[in-house]
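There are 2 protein chains.
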Amino acid sequence: MGATGAVGQQMKEQLEKRNFPIKDIMFLSSSRSAGKEIEFNGKTFIVQEAKPESFEGIDIALFSAGGSVSEKFAPEAVKRGAVVIDNTSAFRMDKDVPLVVPEVNKSDLGLQKGIVANPNCSTIQMVCALQPLKEQFGMTKVVVSTYQAVSGAGLDAINELKTQAADFDNAKDAEAKMLPVKSAEHHYPIAFNVIPQIDQFADNGYTFEEMKMINETKKIMHDDSLAVAATCVRLPVVTGHSESVYVELARAATVEQVKQAIKDAPGVELMDDPSNQVYPMPLMAAGLDEVFVGRIRQDLDNPNGFHLWVVADNLVKGAALNSVQIAEALIEEKII
Amino acid sequence: MGATGAVGQQMKEQLEKRNFPIKDIMFLSSSRSAGKEIEFNGKTFIVQEAKPESFEGIDIALFSAGGSVSEKFAPEAVKRGAVVIDNTSAFRMDKDVPLVVPEVNKSDLGLQKGIVANPNCSTIQMVCALQPLKEQFGMTKVVVSTYQAVSGAGLDAINELKTQAADFDNAKDAEAKMLPVKSAEHHYPIAFNVIPQIDQFADNGYTFEEMKMINETKKIMHDDSLAVAATCVRLPVVTGHSESVYVELARAATVEQVKQAIKDAPGVELMDDPSNQVYPMPLMAAGLDEVFVGRIRQDLDNPNGFHLWVVADNLVKGAALNSVQIAEALIEEKII
Numbered sequence: 001m002g003a004t005g006a007v008g009q010q011m012k013e014q015l016e017k018r019n020f021p022i023k024d025i026m027f028l029s030s031s032r033s034a035g036k037e038i039e040f041n042g043k044t045f046i047v048q049e050a051k052p053e054s055f056e057g058i059d060i061a062l063f064s065a066g067g068s069v070s071e072k073f074a075p076e077a078v079k080r081g082a083v084v085i086d087n088t089s090a091f092r093m094d095k096d097v098p099l100v101v102p103e104v105n106k107s108d109l110g111l112q113k114g115i116v117a118n119p120n121c122s123t124i125q126m127v128c129a130l131q132p133l134k135e136q137f138g139m140t141k142v143v144v145s146t147y148q149a150v151s152g153a154g155l156d157a158i159n160e161l162k163t164q165a166a167d168f169d170n171a172k173d174a175e176a177k178m179l180p181v182k183s184a185e186h187h188y189p190i191a192f193n194v195i196p197q198i199d200q201f202a203d204n205g206y207t208f209e210e211m212k213m214i215n216e217t218k219k220i221m222h223d224d225s226l227a228v229a230a231t232c233v234r235l236p237v238v239t240g241h242s243e244s245v246y247v248e249l250a251r252a253a254t255v256e257q258v259k260q261a262i263k264d265a266p267g268v269e270l271m272d273d274p275s276n277q278v279y280p281m282p283l284m285a286a287g288l289d290e291v292f293v294g295r296i297r298q299d300l301d302n303p304n305g306f307h308l309w310v311v312a313d314n315l316v317k318g319a320a321l322n323s324v325q326i327a328e329a330l331i332e333e334k335i336i
Numbered sequence: 001m002g003a004t005g006a007v008g009q010q011m012k013e014q015l016e017k018r019n020f021p022i023k024d025i026m027f028l029s030s031s032r033s034a035g036k037e038i039e040f041n042g043k044t045f046i047v048q049e050a051k052p053e054s055f056e057g058i059d060i061a062l063f064s065a066g067g068s069v070s071e072k073f074a075p076e077a078v079k080r081g082a083v084v085i086d087n088t089s090a091f092r093m094d095k096d097v098p099l100v101v102p103e104v105n106k107s108d109l110g111l112q113k114g115i116v117a118n119p120n121c122s123t124i125q126m127v128c129a130l131q132p133l134k135e136q137f138g139m140t141k142v143v144v145s146t147y148q149a150v151s152g153a154g155l156d157a158i159n160e161l162k163t164q165a166a167d168f169d170n171a172k173d174a175e176a177k178m179l180p181v182k183s184a185e186h187h188y189p190i191a192f193n194v195i196p197q198i199d200q201f202a203d204n205g206y207t208f209e210e211m212k213m214i215n216e217t218k219k220i221m222h223d224d225s226l227a228v229a230a231t232c233v234r235l236p237v238v239t240g241h242s243e244s245v246y247v248e249l250a251r252a253a254t255v256e257q258v259k260q261a262i263k264d265a266p267g268v269e270l271m272d273d274p275s276n277q278v279y280p281m282p283l284m285a286a287g288l289d290e291v292f293v294g295r296i297r298q299d300l301d302n303p304n305g306f307h308l309w310v311v312a313d314n315l316v317k318g319a320a321l322n323s324v325q326i327a328e329a330l331i332e333e334k335i336i
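Residue numbers (full-length UniProt numbering), protein chains in the order written: chain A, 1 to 336; chain B, 1 to 336.
Relax, there's no trap hidden among the hints.
A pair counts as met if it fits within one copy or between any two copies, since identical chains are not told apart.
Derived EDC-like pairs (lysine to aspartate or glutamate); straight-line CA-CA distance at most 20 Å: (1) Lys141 x Asp301; (2) Lys218 x Asp299; (3) Lys259 x Glu103; (4) Lys141 x Asp299; (5) Lys259 x Asp203; (6) Lys218 x Asp301; (7) Lys182 x Asp273; (8) Lys172 x Glu290; (9) Lys172 x Asp289; (10) Lys72 x Asp59; (11) Lys141 x Glu248.
Just so you know, the hints here were simulated from the structure itself, not pulled from any lab data.
Model the full assembly from the supplied sequences, consistent with the hints where possible.
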């Protein structure tokens, strides 16, 4: 569901690449995109307009078409026996909906009642990096500042960046219609700029994107007492979110221990050799599956404090790959 | 000294714009740029190659031509009676050299022995925002993640960004010669990318840029016990550094009190109205004198913790304007 969007296209590629066991597949969308053609495993499929009865006989429904679409169709799919893996924020904080990053909390899948939520992109990559540290050393506090790519706002946002970037000398006066939020009153150019707003503002002055990172991290890591603060920022990068993360551990650790924990963690790749200028960057992480972590260093004042630089493809591990991994885990755990 | 560089040009403009009291002026550079013409207050000047005797009869010498040039020529200028205002990092941490942001520690100018250092661009804007909070509420801890523009790396870095940005579809394979550090072994594209390295790496895993922010902040704010941590990151922005700052105050405060303190601070402008999407952005701050502060919010776990978003033109308040303000203060304080 949402097959023609930026994440939908990545989901299709992940299903092909990972050789997901598929007997039959259907590509759904709104009426606007219905009729388009999609190639999958060498065959051509016509995108169908989603209707409640589209979900008859479906085992797994991957949703990535916006919160209101999920709210409308996910219950219909569940009613017809499907397990919905929803990439929107519609159900993420529901008590009855597990919010899953398989490397971190796969066992929560056992609690599902028809819907499993895929976390926000910026949350997924952070918890992949934090979980091994929390397991080994405990964790009390996280302060994250993000450097987020425009692809998180969809294909139209990518095209807007491309158009704006082509006119270097008029960056300030570039036409802007998409960012920070398409439906918001004001739009600002993103080329050669930095916008400290992702999603709308909540009443407390935080954006919903920031509140997602805060609340989802606590839910996924099963720790309401973990202090999490986030500042979420959009940049002129096409794909690949970066995060500057400050973390305070419950117990003392050395840099070497932290690096080893990251190195041993599933789905995470240590990329940290400053003397050879080796550290993760979004342009190099785009298209790859891993969460890359580098620039690991101890705080100079707090021996339990560590700074990390975390980069991942927001459309891959941040969305499509994680959803497909959830689907794989559902099969592995014999839930489906 | 360094008249033809990115900061040198801004210094010239600030001297003109602020109507600085000048009897005579000379524009100096290396032999490479000598002979170029510079317009100043409607007259044409020829850039001269700097020699020790160039500084005979000079009252104030503004240096911005790299650390090695300052090390060579600043002592020659001082020997001949000039006060040197040095924009490089050569003397910043010298005990005998005051490191001055006039809004914060103008009184340190009385300690000068011929050289006054201008702090690093990313430090200047941060201390302007932090000083009013420290004065009113005390301060124990600062964690900053920066979003820095390429103009901090000079005119060639701006041109490289421009060239790379023109080829959107080949961003990953773009030719790179300038960033993160011209003299470093590896260079990475900056267009549509994020590079978590500014300046070379110190042995502790921090970059020199990060260590500058840490050490300079303590020196300017006269507080060695203030815990400061920095992660410095280069972005595809032409001019204007942004900073995500987390600060822990010594005493409790409300968001309203913090906003009021920022509003009342010299050189700082509160730009903080989330409901109308008002917050600082580099594209809008470029060319302006002020340090802009927005996105002010209380930490959700620590009532003494606050998050700020600080933006300023790194060539203006971050370099040229601050240097000229130091020169004005030297006159005002009757040091010259």
